[in-house]
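Enquirer: As you go down the protein sequences, you meet chains A and B in turn.
Heads up: the first sequence runs through residues 536 to 649, numbered per our numbering.
Heads up: the second sequence runs through residues 4 to 118, numbered per our numbering.
Simulated from the structure, these hints should not be mistaken for laboratory data.
Any given hint might turn out to be false.
As the list claims (entries may be wrong) - Dumping the calculated BS3-like pairs for lysine-lysine here, alpha-carbon to alpha-carbon at most 25 Å:
#, chain 1, residue 1, chain 2, residue 2
1, B, Lys-115, A, Lys-538
2, A, Lys-592, B, Lys-115
3, A, Lys-538, A, Lys-605
4, A, Lys-548, B, Lys-115
5, A, Lys-592, B, Lys-105
6, B, Lys-105, A, Lys-605
7, A, Lys-606, A, Lys-592
8, B, Lys-105, A, Lys-590
9, B, Lys-64, A, Lys-606
10, B, Lys-115, B, Lys-52
11, B, Lys-115, B, Lys-64
12, B, Lys-105, A, Lys-588
Claimed, not checked - For each label pair, taking beta carbons as the anchor points, the in silico distance ranges come out as:
#, chain 1, residue 1, chain 2, residue 2, range
13, B, Ile-63, A, Glu-614, 33 to 43 Å
14, B, Glu-18, A, Arg-549, 42 to 52 Å
15, B, Ile-14, A, Glu-607, 14 to 24 Å
16, A, Val-587, B, Gln-113, 33 to 43 Å
17, A, Met-562, B, Thr-8, 40 to 50 Å
18, B, His-13, A, Pro-642, 35 to 45 Å
19, B, Thr-58, A, Arg-579, 22 to 32 Å
20, B, Arg-72, A, Leu-576, 22 to 32 Å
21, B, Gln-74, A, Ser-542, 35 to 45 Å
22, A, Glu-557, B, Leu-59, 23 to 33 Å
23, A, Glu-557, B, Ala-98, 20 to 30 Å
24, B, Gln-45, A, Ser-600, 22 to 32 Å
25, A, Tyr-545, B, Gln-48, 33 to 43 Å
26, A, Glu-614, B, Glu-18, 42 to 52 Å
Don't be surprised by glycine CBs; every beta carbon is placed ideally from N, CA and C.
Each chain, written out:
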Amino acid sequence: DVKVTQSSRYLVKRTGEKVFLECVQDMDHENMFWYRQDPGLGLRLIYFSYDVKMKEKGDIPEGYSVSREKKERFSLILESASTNQTSMYLCASSGRDREAYEQYFGPGTRLTVT
Amino acid sequence: AQSVTQPDIHITVSEGASLELRCNYSYGATPYLFWYVQSPGQGLQLLLKYFSGDTLVQGIKGFEAEFKRSQSSFNLRKPSVHWSDAAEYFCALYALTGGGNKLTFGTGTQLKVEL
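Work out the full structure, taking the sequences as your base and the hints as a guide.
Expert: This is the structure we're talking about:
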């Protein structure tokens, strides 16, 4: 089974702090994704990566950056956390070719910024 | 640009009753469509997917969905709902963008099951 793990289930940070959310997948997947999930808005794509050191902006990249130094790990960085970044963050991964269409999700990190 | 609409924010059904969750999409090419389920406090799990071919697709946990091109719909159905089906359900459309791939999600339908 594909396993996508996220470093924390719950995280509380203060405004202005630098926040790192880590995601690791164990299936040698090329593609990795970061979403945020808010009530009534569904999932919105923040960034994705289709290869090591490659990244593409999603629909809402403002206030976020990412890092992919190794194939299995994809990090989301909040340079200076703000209260409007309080949300559920979901990481996902997918393979190549036809497997690219099917994304596997981690359990999520619920981030609260106070 | 592609979009996915789930018109029902909340649905309540009795255990044992049938279920249909609606999904409409807008996309300029042949869509790849998915239904995901999210149990409380969990990530998303894939229920079923449609790429091409038979318009009625079967998924896990007894769910099925029917692709109707003329109506731009991909509704999820289950003949008899179980209390454990209470969760949030997301419809998603796959779109190819330059240099990568992405899913566009609907806003979700929260399913409540009354015993």
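Enquirer: Work down the list of hints and note, for each, if the structure agrees.
Expert: Hints and how they fare:
Between the alpha carbons of Lys-115 (chain B) and Lys-538 (chain A) the distance comes to roughly 28 Å, so the proposed pair goes past 25 Å and is violated. In summary, the hint linking Lys-592 (chain A) to Lys-115 (chain B) is not supported, as the alpha carbons are separated by about 35 Å, beyond the 25 Å threshold. For a cut-off of 25 Å, the pair hint linking Lys-538 (chain A) to Lys-605 (chain A) stands: about 16 Å separates their Cα positions. As the CA atoms of Lys-548 (chain A) and Lys-115 (chain B) are separated by approximately 33 Å, the hinted pair breaks the 25 Å bound.
With a C-alpha separation of about 11 Å, the suggested pair Lys-592 (chain A) and Lys-105 (chain B) falls inside the 25 Å cut-off, and the hint holds. Proximity of Lys-105 (chain B) to Lys-605 (chain A) is assessed by CA-CA distance (about 21 Å); at most 25 Å being required, the pair is judged to hold. For the hint pairing Lys-606 (chain A) with Lys-592 (chain A), the CA-to-CA distance comes to about 18 Å; that is within 25 Å, so the pair holds. With a C-alpha separation of about 13 Å, the suggested pairing of Lys-105 (chain B) with Lys-590 (chain A) holds against the 25 Å cut-off.
Pair hint Lys-64 (chain B) plus Lys-606 (chain A) does not hold up; C-alpha atoms about 32 Å apart against a cutoff of 25 Å. Using a Cα cut-off of 25 Å, the hinted pair Lys-115 (chain B) and Lys-52 (chain B) holds, with the two alpha carbons roughly 23 Å apart. Taken as a hint, the Lys-115 (chain B) and Lys-64 (chain B) pair is honoured in the structure, with Cα atoms around 17 Å apart against an allowance of 25 Å. Of the supplied pair hints, the one linking Lys-105 (chain B) and Lys-588 (chain A) holds, its CA atoms being roughly 18 Å apart against a limit of 25 Å.
For the pair Ile-63 (chain B) and Glu-614 (chain A), the supplied restraint of 33 to 43 Å holds, since their beta-carbon distance comes to about 40 Å. For the pair Glu-18 (chain B) and Arg-549 (chain A), the beta carbons lie near 45 Å from each other, so the given range of 42 to 52 Å is met. For Ile-14 (chain B) and Glu-607 (chain A), the Cβ-Cβ distance of about 38 Å falls outside the hinted range of 14 to 24 Å, so the restraint is violated. For Val-587 (chain A) and Gln-113 (chain B), the hinted distance range of 33 to 43 Å is satisfied, since their beta carbons lie about 38 Å from each other.
Between Met-562 (chain A) and Thr-8 (chain B) the C-beta distance comes to about 32 Å, which lies outside the given range of 40 to 50 Å. At about 24 Å, the beta-carbon gap between His-13 (chain B) and Pro-642 (chain A) misses the expected band of 35 to 45 Å. At about 29 Å, the CB distance of Thr-58 (chain B) to Arg-579 (chain A) agrees with the hint of 22 to 32 Å. The given range of 22 to 32 Å is respected by Arg-72 (chain B) and Leu-576 (chain A), whose C-beta atoms sit roughly 28 Å from each other.
Evaluation of the 35 to 45 Å hint for Gln-74 (chain B) and Ser-542 (chain A) yields a pass: the beta carbon distance comes to about 43 Å. Between Glu-557 (chain A) and Leu-59 (chain B), the C-beta spacing of about 40 Å breaks the proposed range 23 to 33 Å. Between Glu-557 (chain A) and Ala-98 (chain B) the Cβ separation comes to about 28 Å, which falls inside the hinted range of 20 to 30 Å. As the Cβ distance of Gln-45 (chain B) to Ser-600 (chain A) is approximately 27 Å, the hint placing it in 22 to 32 Å holds.
A hinted range of 33 to 43 Å for the beta carbons of Tyr-545 (chain A) and Gln-48 (chain B) is inconsistent with their spacing of about 21 Å. Separated by about 48 Å at the C-beta atoms, Glu-614 (chain A) and Glu-18 (chain B) satisfy the suggested range of 42 to 52 Å.
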